[in-house]
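In the order they appear, the protein sequences are chains A and B. 1 is the number of the first residue of the first sequence in this note's numbering; add one for each residue after it. 241 is the number of the first residue of the second sequence in this note's numbering; add one for each residue after it.
Take these hints with a grain of salt, some might be off.
Claimed, not checked - Here are the simulated DSS-like cross-link-like pairs (lysine-lysine), alpha carbons at most 27 Å apart as the crow flies:
1) A:Lys209 to A:Lys123
2) A:Lys123 to B:Lys560
3) A:Lys154 to B:Lys560
4) A:Lys176 to A:Lys123
5) B:Lys560 to B:Lys507
To be verified - Stretch-level coverage of chain A by chain B, calculated; a stretch enters the list once three of its residues show a Cβ under 8 Å from a Cβ in chain B:
6) 68-81
7) 96-109
8) 203-216
As the list claims (entries may be wrong) - Residues from chain B that keep clear of chain A, each with C-beta distances beyond 12 Å, as calculated:
9) Phe410
10) Leu614
11) Val636
12) Ile732
13) Leu742
14) Gly757
15) Val828
Honestly, the hints are just simulated from the structure, not real lab data. Think of the CB as a built atom: it goes at the ideal place given N, C-alpha and C, for glycine as much as any other residue.
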Amino acid sequence: MFVHNGFQVLGILDKLQMSYSVAIVEDDAGYRGRIASVINADAQLDLVASAVDYAQAVAFLEQGIVPQVMLVDLGLPDRSGLDLIREVQQRGLSTEVMVLTVFADERHVVSAIEAGATGYLLKDETPELIIDSIVQLVRGGSPISPAIARYIIKSMHFRSEGKEVQKQAITSLTPKELEILELIAKGYIAPEIATVLGAAHNTVLSHVKHIYRKLAVHNRTEAIYEAMQQGLISMQTVGA
Amino acid sequence: MKQLYDIILGLILLLASLPVWAGSSVLVLDRAFIQTSGASTLPPASSGESWQLQSLPDNWNLTRPRTSGFLWYQMRFKLDEVPTALWSLYFPSVSSRVAVYLNGKLLGEGTSYGELSKPAWQQPYFVSIPQGLLLQGENILQVHLMPAQPFPGYLGKMYVGPGDALQPLFAKRFALTVNLPQAIVVLMLALGVAVAMLWWFRKNETQYLWFAVTVLAWSVYDGAQFFGDILPISSRARDILAANGLIWFIVSLTLFSHRFLGLQVGKAERWLLVCGVCGGIISLLLPDNGFSVMRLYVLDPFLIALGGYILLRLLYGYIKTRSLATGLLAGCIILGLSFGMHDWLMILGVIDLEGYLLLHLSAPVLFTVVSFILNKRMTSALDDAEYLSLHLEDRVRSVANELELRLEQSRVKDRHVVLNQERERMMRDMHDGVGGMLVSAIQAVETGCVSREALARELRGVVDEFRLMIDSLDPDECGLEDLLANFRVRLIRQLQAQDIQLHWQIGDIGAVPQCAGSKAVDVLRVLQEATTNALKYARAKNIFVGGQYTDGALVFFVRDDGVGFQLTDGVGKGIKNMRYRAARIGAVLAVESGVTGTCVTLSLNFPQTVAVLG
């Protein structure tokens with residue numbers, strides 16, 4: 001492990017076994033240390049970078065460090081964690097972003113998802129659940145809560161009542177995805193939903209990730225549409 | 241009164257004729273001989289014992305009351321020589337028709353109303369004497385007077401002299417007695433039309449209507465008298481016009497007075513209108529000269545009485561309100577009454593007929609004052625409207641600012657109330673939930689009787705409690721179904737950790753609006769407490785959580801298959817909390833426990849509303 005430009009760059013090559021690379025962006029030293037120790041204690045995970053703010057996070061990305069999972073705290077000291085999430089998306093990286101949150105309130109989580117995050121992690125989770133959540137995310141599943149599911153359902157319903165152009169821009173949920181969201185909103189967990197749908201547990205979580213990606217796409221599309229409406233960009237700029 | 245008229249007449253004669261008097265030879269004939277015999281169309285013999293001396297003016301009401309018919313007057317005057325200039329004869333005041341003969345020759349008749357007699361009331365008479373008719377020495381002037389009933393006969397002093405000297409006197413008197421009233425009629429007509437047009441644009445102002453009718457009616461009445469010889473209509477038609485003009489003057493003046501004073505005398509006014517119509521019909525049926533009788537003995541007294549009534553109303557109104565307008569109008573009525581009374585007595589021959597009729601002079605004063613008052617009212621109203629319009633925007637802004645301020649104050653107050661209520665609720669929740677858990681954790685750490693895992697678990701429970709509090713503060717009124725969904729997820733994790741099977745039997749309870757917000761949180765707290773107790777003490781393998789909403793009743797239960805407890809052992813803090821929360825939301829809590837397990841039931845009554853979700 002060595003320090004470069006203020007952030008810690010951990011030896012990727014030191015671990016030759018198959019593991020998932022993880023980076024942490026968290027300004028709270030105590031919590032950052034706890035997560036780091038949980039990750040380091042598990043063989044499936046490899047902590048490749050750790051940053052205390054937005055600037056350090058961007059720096060290690062520019063250094064070519066592209067983790068498979070990036071854990072981001074929304075309340076960074078220099079910029080919002082949402083900006084970092086958008087930065088990752090704009091760079092076209094394959095990194096999956098998980099938002100670190102204490103209360104997992106739906107508004108902040110869905111904002112992060114719309115920015116491009118594909119999951120969230122409760123800060124008070126047990127070490128086992130932390131690891132399980134990160135591994136699930138890499139393997140294609142995303143965590144979700146009834147409150148988040150309700151929020152997404154309400155949000156899609158509101159958008160469907162909007163302008164015709166916006167409606168066309170929305171990638172609508174499939175009936176199965178909507179059914180999954182509604183079951184989650186009622187408090188069903190993934191294994192129960194899998195039983196109801198006759199599908200695998202991971203399939204349900206994969207559907208959740210698809211839903212998150214659609215939200216992000218829709219959000220970007222909406223932003224482009226609004227910018228075009230206001231004349232800030234043109235079709236040529238978008239490359240449409 | 242007579243002396244006053246004499247003074248005025250004398251002044252006029254003096255001012256107008258001074259150059260003439262100086263060296264003029266105007267003869268004043270103030271004595272005559274009278275007789276009643278003889279033909280009405282031919283002068284009687286100028287001598288004889290039938291002639292009786294009579295001084296002039298001769299008022300039949302005084303000298304021979306209730307006498308009708310005709311009378312011959314004979315006056316003799318001497319001339320030293322036959323005048324070379326044109327001489328004339330001038331009668332300042334004569335009632336009805338006269339025929340004048342000089343030295344046996346007819347000079348003329350003193351009325352232009354043709355055969356039917358019509359009181360050419362108070363009009364002066366002037367006739368030129370043809371050359372050669374006057375004789376040197378004695379000349380005999382004979383006047384035939386036949387007054388129209390019911391008016392008494394009257395012959396005033398006569399003047400004979402140069403036309404140049406008498407013409408100005410006649411012209412002045414004619415102007416005062418004929419031209420001036422005619423001018424007043426024309427002005428009144430114009431005023432009436434103008435006020436009528438004003439009313440047309442403000443129909444709710446009925447006082448303008450009745451004032452216009454009053455003025456127009458008076459114009460018709462006076463016009464029939466003073467334009468009678470000009471209008472190409474018969475004397476009967478003139479009588480009908482005059483009668484109706486006077487009748488409707490009376491009616492409309494009364495109605496105008498009522499409107500002016502703001503009085504509501506509906507029934508009496510309706511009767512007055514009926515009388516007006518009836519009077520108009522009667523005027524059509526009157527015989528010749530019937531209008532004169534009707535006027536003298538019916539309309540004039542009624543007008544005077546009505547004037548008295550109106551005056552009393554105005555004086556009462558003035559005493560009550562001290563309004564200048566009412567006072568002015570009362571003054572005008574007093575003036576009109578005085579002049580009217582004077583004219584009536586004059587026409588009746590009670591007072592000297594040498595004077596002038598005055599009532600038509602009071603009409604312009606009355607109408608001018610009333611016009612001024614009405615215009616003042618209108619301009620005041622317009623001024624007020626302009627002022628209001630000018631300041632309306634300021635007033636609206638001022639009121640809006642005041643309302644905004646009050647609204648803000650109300651909002652601040654409401655905010656304080658709501659915040660206090662939320663603070664109270666959060667304090668209760670924290671006391672019951674988080675506060676208790678943290679205090680227990682502190683106690684456990686201080687006593688050293690808790691493992692790290694147990695402490696971590698307890699602290700995670702505290703975070704979950706905070707999450708529950710945040711959920712319940714959802715501004716979109718987090719409903720019971722939403723809270724139950726979150727609770728289910730957390731409960732499953734807790735039970736899975738302890739290898740306990742959850743049997744979730746809560747069906748579609750639908751949205752119960754009355755069970756949202758803090759009430760929903762209290763329901764959830766009861767279920768949470770019940771499941772926590774089952775987890776901690778029951779040693780159960782299965783926990784059943786159920787609920788349904790039917791027939792307006794919301795019923796939940798938490799049942800376990802654990803060891804149960806003795807209810808007689810005393811009620812623990814958990815059950816006390818549940819009972820407290822149940823009572824707060826008006827629910828009924830039942831706890832049953834035995835060797836096969838414990839069942840906690842919570843029942844609330846709500847009317848069923850919206851259809852189920854999903």
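So, going through the hints one by one against the coordinates:
no.: 1; hint: A:Lys209 to A:Lys123; verdict: holds (21 Å)
no.: 2; hint: A:Lys123 to B:Lys560; verdict: violated (88 Å)
no.: 3; hint: A:Lys154 to B:Lys560; verdict: violated (73 Å)
no.: 4; hint: A:Lys176 to A:Lys123; verdict: violated (31 Å)
no.: 5; hint: B:Lys560 to B:Lys507; verdict: holds (24 Å)
no.: 6; hint: 68-81; verdict: violated (count 0)
no.: 7; hint: 96-109; verdict: holds (count 4)
no.: 8; hint: 203-216; verdict: violated (count 0)
no.: 9; hint: Phe410; verdict: holds (98 Å)
no.: 10; hint: Leu614; verdict: holds (63 Å)
no.: 11; hint: Val636; verdict: holds (36 Å)
no.: 12; hint: Ile732; verdict: violated (6 Å)
no.: 13; hint: Leu742; verdict: violated (10 Å)
no.: 14; hint: Gly757; verdict: holds (16 Å)
no.: 15; hint: Val828; verdict: holds (25 Å)
Consistency with the previously given hints fails for numbers 2, 3, 4, 6, 8, 12, 13, ordered from lowest to highest.
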